[in-house]
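Could you slot chain B onto chain A? The hints should help.
Protein chains: 2
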Amino acid sequence: MTLPTLLVLDADPPPRLGRLTGRVRVEHADASTLAGRLPSADVLLVWDFTSHAVREAWPGEGPRPRWVHTASAGVDHLLCPELAASDTVVTNARGVFDQPIAEYVAALVLAFAKDLPRTLELQRERTWRHRESRRLAGTRACVVGSGPIGRAIVRTLDALGVTTALVGRAAGDGVHGPEDLDRLLARADWVVAAAPLTDGTRGMFDAHRFAVMQPSAYFVNVGRGQLVVEEALVRALRERVIAGAALDVFASEPLPGDSPLWEVPGLVVSPHMSGDTVGWRDELGAQFVELFELWEAGRPLVNVVDKQRGYVPGH
Amino acid sequence: MTLPTLLVLDADPPPRLGRLTGRVRVEHADASTLAGRLPSADVLLVWDFTSHAVREAWPGEGPRPRWVHTASAGVDHLLCPELAASDTVVTNARGVFDQPIAEYVAALVLAFAKDLPRTLELQRERTWRHRESRRLAGTRACVVGSGPIGRAIVRTLDALGVTTALVGRAAGDGVHGPEDLDRLLARADWVVAAAPLTDGTRGMFDAHRFAVMQPSAYFVNVGRGQLVVEEALVRALRERVIAGAALDVFASEPLPGDSPLWEVPGLVVSPHMSGDTVGWRDELGAQFVELFELWEAGRPLVNVVDKQRGYVPGH
Chain A
1 MTLPTLLVLD ADPPPRLGRL TGRVRVEHAD ASTLAGRLPS ADVLLVWDFT SHAVREAWPG
61 EGPRPRWVHT ASAGVDHLLC PELAASDTVV TNARGVFDQP IAEYVAALVL AFAKDLPRTL
121 ELQRERTWRH RESRRLAGTR ACVVGSGPIG RAIVRTLDAL GVTTALVGRA AGDGVHGPED
181 LDRLLARADW VVAAAPLTDG TRGMFDAHRF AVMQPSAYFV NVGRGQLVVE EALVRALRER
241 VIAGAALDVF ASEPLPGDSP LWEVPGLVVS PHMSGDTVGW RDELGAQFVE LFELWEAGRP
301 LVNVVDKQRG YVPGH
Chain B
1 MTLPTLLVLD ADPPPRLGRL TGRVRVEHAD ASTLAGRLPS ADVLLVWDFT SHAVREAWPG
61 EGPRPRWVHT ASAGVDHLLC PELAASDTVV TNARGVFDQP IAEYVAALVL AFAKDLPRTL
121 ELQRERTWRH RESRRLAGTR ACVVGSGPIG RAIVRTLDAL GVTTALVGRA AGDGVHGPED
181 LDRLLARADW VVAAAPLTDG TRGMFDAHRF AVMQPSAYFV NVGRGQLVVE EALVRALRER
241 VIAGAALDVF ASEPLPGDSP LWEVPGLVVS PHMSGDTVGW RDELGAQFVE LFELWEAGRP
301 LVNVVDKQRG YVPGH
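Those sequence lines, one after another, are chains A and B.
Using the UniProt record's numbering, read the first sequence as starting at 1 and increasing by one per residue.
Using the UniProt record's numbering, read the second sequence as starting at 1 and increasing by one per residue.
Extracted from the complex, chain A is given alone in its bound form (with noise of 0.2 Å):
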């Protein structure tokens, strides 16, 4: 009997996949040699999810993993035309990171609401300043994306007596559509990007989006940088357009040290970690095991990307 191939997209081997052992052949591949070895991969196993290479390698001719799985909950960095188009089925990393960015958010949003950026910088300056902070309880926020990641947002921001409107691809079921963002994001204290980036989702908080928003407002991307035209959100700090906003994602990760964005007033840096709370690898190596033994076996795998959408749909 041979062994299915195993490719992991990652110089280190991922946890628990120990559990495997004598069930597969686990190969490694890095960007420079991914193209060569996806004609004889069973499965691909993304672990470095930061890596474009999928996308790059993907499109030559060929045989192809007939399953591929991410080690997150976007799967934009590794979906092509191509990929797309074949029959390779790709899952994600479905409910790993919902409560810790969720509680992510929440630590953003209370951060804000009690000014503790502005009272980290005057404990250094050594200044007593006695400041009026806001009250969360009753105050009104918007969150885009009515994923699992969304929904874990909305659980615990309600959790602390936030008021929430869930604004997802299209209307149904306790979520708004599209056509009511504005209004929304009109009457939000605090607005929280967490949707998959897609064609549609792809620049939407631009400056017309901040300009709608109250100039009291905070926003938060737990998302994908390209959700945000950064040019427009440093404007709107800037101008204090808006209060504040939190980045966990940006356009260009790592952040590079020569970005603008480290220094725009009101706005705080972070390092693409809100989902990565201690275990989170651990986790993330189970759940692949749990997919491969129903790959294995022969039975439909769970978490599977509409290759279309971009996402994996329903909730």
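If you're looking for bench data, these hints aren't it; they were derived computationally from the structure.
Careful, some of the hints might be misleading.
As the list claims (entries may be wrong) - Here are some chain B residues pointing at chain A (derived, C-beta under 8 Å): (1) A111; (2) Q123; (3) H130; (4) G257; (5) W280.
Given the structure is predicted, the values throughout are model-derived calculations rather than measurements.
Where is the CB? At the ideal position from N, CA and C, for every residue including glycine.
Same frame as chain A, but now just chain B:
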């Protein structure tokens, strides 16, 4: 008919007192004039709750206000043996600060869980450094102080999935007694001080208590500065006995510019602002007016402080 005299300890008139126009004669006092004006006052409103003037002015002989209200939750700044032994009723601002302080604690706990202070430091250095952070849900908190503020903190942390234990002066009704404190501290990820300052709580967070905590634990004080032996906390942080702390209250306020506390690694210093959300002065003014109307009608006051214990009993 002689109007009762309301003596306000503060230079500025509190908001909302206009409602009492024609029903009370309002006078103002400061630390230097308070002792001289106490004898002719029927009611004393301690609006400047940072002042210790009452404790200094009260001991003199002679007539004294029958009712003292303080626009604060704590009463340690005004209770002296002579006031405690007198017939004068003391009331406080119970209720106004509960939810704001609970949110403030949640903000600090989440900031620590998500390593936000470090993120802001790295941003200043223009350094992209991914770290794993902590998942808040499933962690354990020990909240010391079982009054309405402590209970609001418990409710808010509970809503975020934290397992909480509440410690009060005596066990019962879901509250742990002091005999459980060390055991609870030893397993807590987050320790929150929200107790009134009394002879029983002064200096309770000392070297022993920090030593009992886990090296990964964070300590947050929103009660009174003197609950903590500050030198012991500084040592615990410098020697990494605990992971970090946030102090909103201090033995000496405002914290002097040359205090070593400003620069202790892992310590967040804020200027006694945890309860002070936009509108708080209006709320405090309205609360006093409500109490005044009870007093004027000869009805029993609420929020009456047990002057022996140093807080309003019950919850």
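Hint by hint, which ones does this structure get wrong, listed from lowest number up? Going through the list in order, the structure violates no hint and respects every one.
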